[in-house]
Amino acid sequence: MAMFLIAETVFFFLLILAFVYFRGTAKLSLEAGGIDTALLLASSLSMWRAASSGTGGSRPWLAVTLLLGAAFLIGQGIQYLHLIRDGVTLSQGAFGTTFFTLTGMHGLHVLAGLIALAIAPAPALRSMALYWYFFTAVWLAIFLVAYVWSAA
Amino acid sequence: MSAVFSLVLAIAAVIFLVVAAGVIYSAVRYRSRGVAIAEPRQIFGSRNLEILWTVVPLLIVTGLFIVTVRAMVVIDAPQETGRPSDLVITGHQWWWEARYPNGVVVPWDIHIPTSRRLRVRIESADVIHDFWVPELARKMDAVPGRWSYIWLEADAPGTYAGTCSEFCGAEHAWMRFRVIAEPEPGFEAWLKRQAQPALEPQGIAAEGARLFQTKKCADCHAVAGTGPSSGKGPSLAHLASREFLGSGISRNTPQSLALWLTNPQAAKPGNRMPDTPLSADETRALLAYLESLP
Amino acid sequence: MTGLGAWLCAIDHKRVGILYMLSALLFFLAGGMEAMVMRAQLAAPNLKLIAPETYNQMFTMHGTTMIFLVAMPVLTGFGVYLIPLMIGANEMALPRLCALSFWLQLMGGVLLYFSFATGAAPDAGWFSYAPLSEKAFSPGAGLDYWALALLMIAGGSVGSAINLIVTIATERAPGMSMRLVPLFVWMTLVTSVMIVFALPALAASLVMLLSDRLLHARFFDAAQGGAPLLWQHYFWIFGHPEVYIVVLPAFGMISEIIPVFSRKPIFGYPFMATSTVAIAFLSYGVWVHHMFAVALGRNFLAVFAAASMLIAVPTGMKIFSWVATMWGGAIRFTTAMLFAVAFLLEFTVGGLSGVAFATVPVDWQMTDTYFVVAHIHYVLFGGTVFALLAGVHYWFPKMSGRMLDEKLGRWSFWLIVLGFNTAFFVQHFLGLLGMTRRVYTYPDLPWFGALNLISTIGAAILVFGILLFCANVAMSLFFGAVAGDDPWNAWTLEWAAASPPLLQNFAEIPEVRSRRPLWDRKHPEAPDWGVA
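Chains as they are written, first to last, in the numbering used here: chain A, 270 to 421; chain B, 833 to 1126; chain C, 14 to 545.
By construction, these hints were calculated from the structure, which means they are not laboratory data. Glycine included, each C-beta is placed from N, C-alpha and C at the ideal position. Check before you lean on any hint, since a few could be wrong.
Said to hold, decoys possible - Counterexamples of contact, computed for chain C against chain B with all Cβ distances above 12 Å: (1) Ala-56; (2) Pro-65; (3) Glu-104; (4) Gly-252; (5) Val-290; (6) Met-339; (7) Leu-446; (8) Ala-473; (9) Ile-474; (10) Gly-493; (11) Ala-494.
Claimed, not checked - What the simulated footprint calls covered on chain C by chain A, stretch by stretch (three residues with Cβ under 8 Å from a Cβ of chain A suffice, anywhere in the stretch; the number is not a length): (12) 172–185; (13) 209–218.
Start from the sequences and build out the full structure, keeping to the hints where you can.
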């Protein structure tokens, strides 16, 4: 899993780099982004609890993680709707292109992670936890670059 | 530049000969002749030898690098966009177009005066092309959205062949051009001739001129020597004096010109010219008009 | 389960390895046919055998096939087959991932070739520069097939790379530290790490291209604020490590073969291993040398010129090591050794023409000409393919239990050497004379026609040699002499297993004390571990 995540690091690094390179501007809601960040961080916490508890105790924590992860995706979806309503789409220009691709790819990975978590057998939990932490970390990077730094 | 290449070639030849000598000598001298012989002395390495064949190549490439940087400084033109350029060359799919400071726009045959170092701006109207006239200048990619500059200088008068050197689509092979260098007075005379407007067409050519407008040829092809270029098709000003058509794909004969009118895709498969249905009379009129452009 | 079913469901690393090799062979023949179509069209000036669009599809598919569906898979296949055997393991660490990676790669290949059936194969070159590859200039679906197929292939590649890394890290026999593994293992490990770092760059580029093409994003569209050069940077950040990815395992094979047929250990193992790691690091710092003709700024270009020249040093020292291994030995010229020695000479030519390109002013004339085509074929064919041919002749007995025919081997060797050099050496001159690459025809300039004709004839001879080699393989599978476990009197662990190895490679995992465990067994009076 570690090797796979190294590959994903390169992938997302390049997408973030493209975002920074184009330095597009658009109004992103810091509050919405902040809430999403909090949701994902909380889900990582519950993921950690799930992974560190024994085979019996992991179930409820896993459910919490799934819920928080799904809430994150819903939050993303709402933000997308607002942006599209304001005319910011994938084809709008540099910002739309890089923002939607970057967060879209991240969101797809989160969705895949949720599905995997729902069906993964117990021995895979430690690896899946690594995956989950990683994508929380990627989100933090995206939040800092796209929301915080761009707003400045 | 050729001095640099000769240096690289010499280094390469020496290194190759050293390797080949080693290989051939070993292959001959140390070939096993018998069937069951004792194993030869098992040598695992030699620190000194390995250091030697690391350091010597390192020194060679360091020297080569210094030569490289020196040559780059001499060959490369300054890239500041503020300074005006002597010539602007634009790449299109699939022809080149030169714009002179006095407004003259010429495709394919680019005239320059000899013994003057020109700073030429290279741009692209669509995809990435590469402007390459081997005898006169380095290659330079024409990137859409960017301006790039090269030095272009011909010491001797003559015709120098050039071609696009970055794959740019169906007819990349026929995106050729020529740089025609002549002494300053001849060049100035040419430039003035190019700026002259076309003469009033007479007779059947006048009919052709009318068709040129009604059949929408003028939407893409300019016929005035100066003025804005549509960018969609090469200028046809002074067509009669051109030697080639289609960036080198055919000579400028009545037959090949007629083919462009009646079946553009047969003249240069994949090109962007739409197939306009023309009757035989219309074709004749248009031909007369085009051939009347001096 | 027997027969076809057993092969389709195989997760045994030996079976999956052979599947990789067979798939690569099929695509090699397809890529070869594409090459012959091109060479036929170029045999004389102004030929009209095929339409320009068809030619452009040919060279796009040829390049894409050879790199992604031949070179990478076949080297992966050898890795997957040999690594467990060489390190004294019975299986790969992740057998199901092993199979999945193979099928993913094959599916990608099928998807790519399916584009022919739709009438629109990709035609923007194997590197698909934007904006030519954008929808506006390439409206057909060919490039969508190309990008999607490559995403699948890249996924398979990363999967197998991860598998190889984990296997080498965790499954080595007792006593086999990383300082004692065969060089093929070292090279495969470094290559796999490079894949993990390089292929995602390709994936990012493809995602961006697909976004532009299918979702109207604006990454590379200059008119809308995009940056065509971004594609080039991202692609070559993948693309340059990629060419080392397809050559390092070949180096590993040569490092196994030359010692055995010279009857001496590899000269300078530590330097060989270290220089490989150096190449891996340096390869991420040279990508701009594919873009020297773009006005990126002299100082910027100079940095990459320096790195490109520097990388020649750890590469060159390997050649010297191999020659030093031969020196003082007792050389047996089996077909495997013939190809290995030819590799030394061919790859040196290719490497040196590479140094010519690192010299920026030379690149400013020679890039995108047939001089490059000569260079890439000398390193990729004269390098990787020759090493592979040596490898097949060397390991075929282990994989099949039978020997290849030496006489046929020699014939195919000389035909391949003659054909290859005839086809490609003249291309150096064509480049110097000013012939650009990726052109479907050329004007009747002096020497252009003659040299192109020579090249085409050479290609035909090469094809004949390759077919002879294929015939050798096919015949020997059924009629070859029985090989035995160790026909070459070799020294690494794979030769301790049966030929072909049983499902469980080793009944007993051996303990290892040196780089040549079988040498130690055969020479108890002078084992390697007794040498200071």
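Here is how each hint holds up against the structure:
1. The Cβ of C:Ala-56 lies farther than 12 Å from every Cβ of chain B, with a closest approach of about 15 Å, so its non-interface assignment holds.
2. Distance to chain B contradicts C:Pro-65 as a non-interface residue, since its nearest Cβ pair spans about 5 Å, not more than 12 Å.
3. Listed as outside the interface, C:Glu-104 is consistent with that label: its C-beta sits roughly 32 Å from the nearest C-beta of chain B, beyond the 12 Å cut-off.
4. For C:Gly-252, the non-interface assignment is confirmed: its Cβ lies about 15 Å from the closest Cβ of chain B, beyond the 12 Å cut-off.
5. Distance check for C:Val-290 against chain B: the nearest CB is about 14 Å away, which clears 12 Å, and the non-interface claim stands.
6. A beta-carbon of chain B comes within 12 Å of the beta-carbon of C:Met-339; the shortest separation is about 4 Å.
7. For C:Leu-446, the non-interface assignment is contradicted: its Cβ lies about 9 Å from the closest Cβ of chain B, within the 12 Å cut-off.
8. With a minimum CB-CB distance of about 23 Å to chain B, C:Ala-473 clears the 12 Å threshold, and the non-interface call stands.
9. Under the 12 Å C-beta cut-off, the non-interface status given to C:Ile-474 relative to chain B holds; the minimum distance is some 22 Å.
10. Every Cβ of chain B is farther than 12 Å from the Cβ of C:Gly-493; the closest lies at roughly 21 Å, confirming the non-interface assignment.
11. For C:Ala-494, the requirement that its beta carbon stay farther than 12 Å from each beta carbon of chain B is met, with the minimum near 17 Å.
12. Judged by the Cβ-Cβ criterion of 8 Å, the stretch 172–185 of chain C is covered by chain A as claimed, because 4 of its residues qualify and three suffice.
13. Beta-carbon proximity to chain A at under 8 Å applies to 9 residues in the stretch 209–218 of chain C; the threshold of 3 is reached and the given coverage holds.
This entry does not satisfy hints 2, 6, 7, going by the numbered hints stated previously.
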